[in-house]
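**Student:** Below, each chain spelled out in residue letters.
Protein chains: 2
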Amino acid sequence: MSPYDPSAFPPFAVTVDLVVLTVRRHALCALAVRRGESPFQGRWALPGGFVRVDEDLSAAAARELVEETGLCAHDPESPVQVNGAHLEQLATYGDPKRDPRMRVVSVAHLALAPDLPAPRAGGDANSARWAPVDALLTQGGYGREGEQVAPLAFDHAQILADGVERARSKIEYSSLATAFCPPEFTVGELRRVYEAVWGVALDPRNFHRKVTGTPGFLVPTGGTTTRQGGRPAQLFRAGGATLLNPPMLRPDV
Amino acid sequence: MSPYDPSAFPPFAVTVDLVVLTVRRHALCALAVRRGESPFQGRWALPGGFVRVDEDLSAAAARELVEETGLCAHDPESPVQVNGAHLEQLATYGDPKRDPRMRVVSVAHLALAPDLPAPRAGGDANSARWAPVDALLTQGGYGREGEQVAPLAFDHAQILADGVERARSKIEYSSLATAFCPPEFTVGELRRVYEAVWGVALDPRNFHRKVTGTPGFLVPTGGTTTRQGGRPAQLFRAGGATLLNPPMLRPDV
DNA sequence: GTGTTTATCGTCAGGAAGACGACTATGATC
DNA sequence: GATCATAGTCGTCTTCCTGACGATAAACAC
Numbered sequence: 001m002s003p004y005d006p007s008a009f010p011p012f013a014v015t016v017d018l019v020v021l022t023v024r025r026h027a028l029c030a031l032a033v034r035r036g037e038s039p040f041q042g043r044w045a046l047p048g049g050f051v052r053v054d055e056d057l058s059a060a061a062a063r064e065l066v067e068e069t070g071l072c073a074h075d076p077e078s079p080v081q082v083n084g085a086h087l088e089q090l091a092t093y094g095d096p097k098r099d100p101r102m103r104v105v106s107v108a109h110l111a112l113a114p115d116l117p118a119p120r121a122g123g124d125a126n127s128a129r130w131a132p133v134d135a136l137l138t139q140g141g142y143g144r145e146g147e148q149v150a151p152l153a154f155d156h157a158q159i160l161a162d163g164v165e166r167a168r169s170k171i172e173y174s175s176l177a178t179a180f181c182p183p184e185f186t187v188g189e190l191r192r193v194y195e196a197v198w199g200v201a202l203d204p205r206n207f208h209r210k211v212t213g214t215p216g217f218l219v220p221t222g223g224t225t226t227r228q229g230g231r232p233a234q235l236f237r238a239g240g241a242t243l244l245n246p247p248m249l250r251p252d253v
Numbered sequence: 001m002s003p004y005d006p007s008a009f010p011p012f013a014v015t016v017d018l019v020v021l022t023v024r025r026h027a028l029c030a031l032a033v034r035r036g037e038s039p040f041q042g043r044w045a046l047p048g049g050f051v052r053v054d055e056d057l058s059a060a061a062a063r064e065l066v067e068e069t070g071l072c073a074h075d076p077e078s079p080v081q082v083n084g085a086h087l088e089q090l091a092t093y094g095d096p097k098r099d100p101r102m103r104v105v106s107v108a109h110l111a112l113a114p115d116l117p118a119p120r121a122g123g124d125a126n127s128a129r130w131a132p133v134d135a136l137l138t139q140g141g142y143g144r145e146g147e148q149v150a151p152l153a154f155d156h157a158q159i160l161a162d163g164v165e166r167a168r169s170k171i172e173y174s175s176l177a178t179a180f181c182p183p184e185f186t187v188g189e190l191r192r193v194y195e196a197v198w199g200v201a202l203d204p205r206n207f208h209r210k211v212t213g214t215p216g217f218l219v220p221t222g223g224t225t226t227r228q229g230g231r232p233a234q235l236f237r238a239g240g241a242t243l244l245n246p247p248m249l250r251p252d253v
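Chains as they are written, first to last, in full-length UniProt numbering: chain A, 1 to 253; chain B, 1 to 253.
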């Protein structure tokens with residue numbers, strides 16, 4: 001492979017696809033966009049697009065995230081959440097037949113965001129939405145209004161499943177669950193994140209003892225809130241720790 | 001992006017690079033090949049090569065692994081192979097400037113292998129070797145004969161570091177450490193794998209209690225061996241479990 | 001006030017893990 | 001053959017973590 005001759009290697013298209021997760025109404029939800037073109041026209045898919053010539057992979061993912069979620073300073077109320085959204089590379093999918101048109105290698109990324117306002121997508125309000133991952137992953141699942149939903153386009157069901165699995169396991173040993181929360185949050189709100197992502201019920205007392213006892217996980221802000229009803233709860237920010245020691249333990253497994 | 005026009009997206013070259021790890025003489029070692037061409041001519045690099053037109057990413061990685069080491073990648077579907085090795089996707093590296101010649105996106109893979117005979121590489125015995133990862137990762141480290149070694153080519157130091165970190169963390173909660181062992185091994189041999197990968201000393205008694213008590217991790221074969229000297233040790237095979245519960249705990253951290 | 005909801009503290013039993021003593025079974029050395 | 005070095009295996013003890021769960025606290029709705 002000495003001198004670089006464009007005919008000496010096969011040309012690929014490289015894209016980024018995004019698994020954007022959030023917790024809405026006690027359910028883990030993913031961002032889905034409706035395809036306007038063939039193939040899979042009309043089907044739901046993960047947001048994504050081509051990587052540009054002089055663009056790093058992570059930059060392409062960040063750009064797509066901004067384009068699809070519209071969080072780029074358009075929401076003056078929550079700019080901090082936007083900047084705090086977590087983004088990481090997930091995996092790369094390159095089956096030769098994953099796109100019927102051509103050879104496309106897609107570098108999937110995982111984004112975790114707090115509950116956001118309804119998504120926007122190119123001005124077409126109907127073309128993007130949050131959907132519970134359970135519905136998206138169930139072959140022939142049911143959508144928000146109970147209608148039948150076709151499986152995701154391409155291999156996006158696999159990508160979504162991998163992203164969900166990554167999130168489920170990573171909140172065990174990292175402080176990533178705070179990425180689902182607003183900048184200030186209560187222990188109860190954090191617990192509901194774990195419950196939604198894992199799909200289990202956790203004991204509030206043991207959970208409280210655990211998270212407040214893990215060094216570097218939570219930092220009290222001094223404020224309190226009653227937005228959840230009941231007795232006022234302390235507000236916390238995410239501490240500096242990224243790795244939790246000891247880790248949170250998922251029941252069963 | 002309706003009709004697929006080759007000029008509508010930038011063409012990329014896609015390669016696979018391999019982080020092949022093994023444990024030799026109580027040290028974690030990686031496979032390195034010497035570059036014969038510019039750029040980075042004469043420098044050490046990770047093995048790798050172009051993905052072919054109709055080849056899946058994992059197939060390309062497995063092919064490169066065979067070409068460089070003669071190893072067969074272990075297929076979870078098929079029975080354990082004598083020359084089996086663990087192979088998994090690691091991460092994808094696509095900085096626009098990572099290769100000075102052109103835009104190359106590299107899908108790095110991680111392979112774990114038992115201690116192998118000296119590597120072969122295209123018949124040139126001097127062009128491939130096992131090197132301790134510490135030496136490869138230390139900028140201006142020292143090689144086997146104590147000579148100064150230049151840093152790895154391209155961004156391969158970063159890729160290697162990521163691969164080592166993946167291996168270090170993954171043997172905590174999975175049975176992956178057995179991939180460094182021959183098909184039958186003793187508890188002591190497995191312990192020396194953990195010690196080499198983590199770079200710590202472990203208590204033989206607690207380690208023995210732990211691994212023999214973790215369900216599905218080890219299956220006694222009934223045989224014994226004295227190849228390590230001392231009292232004969234029981235031989236084990238890897239059990240079916242891939243996820244360890246409870247996990248092995250890395251000291252400190 | 002009473003009831004409901006959520007937050008927070010405390011207690012207790014069971015289990016896991018680190019530290020470490022003791023014993024066993026080989027080969028090597030004298 | 002006795003002794004020693006080496007490695008493997010079994011136990012014990014203490015400490016800490018965790019799950020189960022009782023009890024109290026502070027808000028709101030009626």
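Just so you know, the hints here were simulated from the structure itself, not pulled from any lab data.
Be a bit skeptical, because a hint or two may be false.
What the hints assert, rightly or not - Stretches of chain B that chain A covers, calculated by requiring three or more beta carbons in the stretch to come under 8 Å of a beta carbon on chain A:
no.	segment
1	129-136
2	151-162
3	177-191
What the hints assert, rightly or not - Below, computed lysine-lysine pairings styled on BS3-like, alpha-carbon distance capped at 30 Å:
no.	chain 1	residue 1	chain 2	residue 2
4	A	Lys170	B	Lys170
5	B	Lys210	A	Lys210
6	A	Lys210	B	Lys97
7	B	Lys210	B	Lys170
As the structure is a prediction and not an experimental result, all values here were calculated from the model.
Each residue gets a CB set at the ideal place from its N, CA and C atoms; glycine is no exception.
**Student:** All the hints need checking, so say for each whether the structure fits it.
**Tutor:** So, going through the hints one by one against the coordinates:
Interface restraint, the segment 129-136 of chain B with chain A: violated (0 residues with C-beta to C-beta distance below 8 Å; minimum three). Taking a C-beta to C-beta cut-off of 8 Å, the segment 151-162 of chain B contributes 0 residues in contact with chain A, too few for the three needed, and the coverage statement is violated. Interface restraint, the segment 177-191 of chain B with chain A: violated (0 residues with C-beta to C-beta distance below 8 Å; minimum three). Distance hint between A:Lys170 and B:Lys170 is fulfilled; the C-alpha atoms sit about 12 Å from each other, no more than 30 Å.
Proposed proximity of B:Lys210 and A:Lys210 is supported: the alpha carbons are some 25 Å apart, at most 30 Å. Taken as a hint, the A:Lys210 and B:Lys97 pair is broken in the structure, with Cα atoms around 45 Å apart against an allowance of 30 Å. Between the alpha carbons of B:Lys210 and B:Lys170 the distance comes to roughly 17 Å, so the proposed pair stays at or under 30 Å and holds.
Consistency with the previously given hints fails for numbers 1, 2, 3, 6, ordered from lowest to highest.
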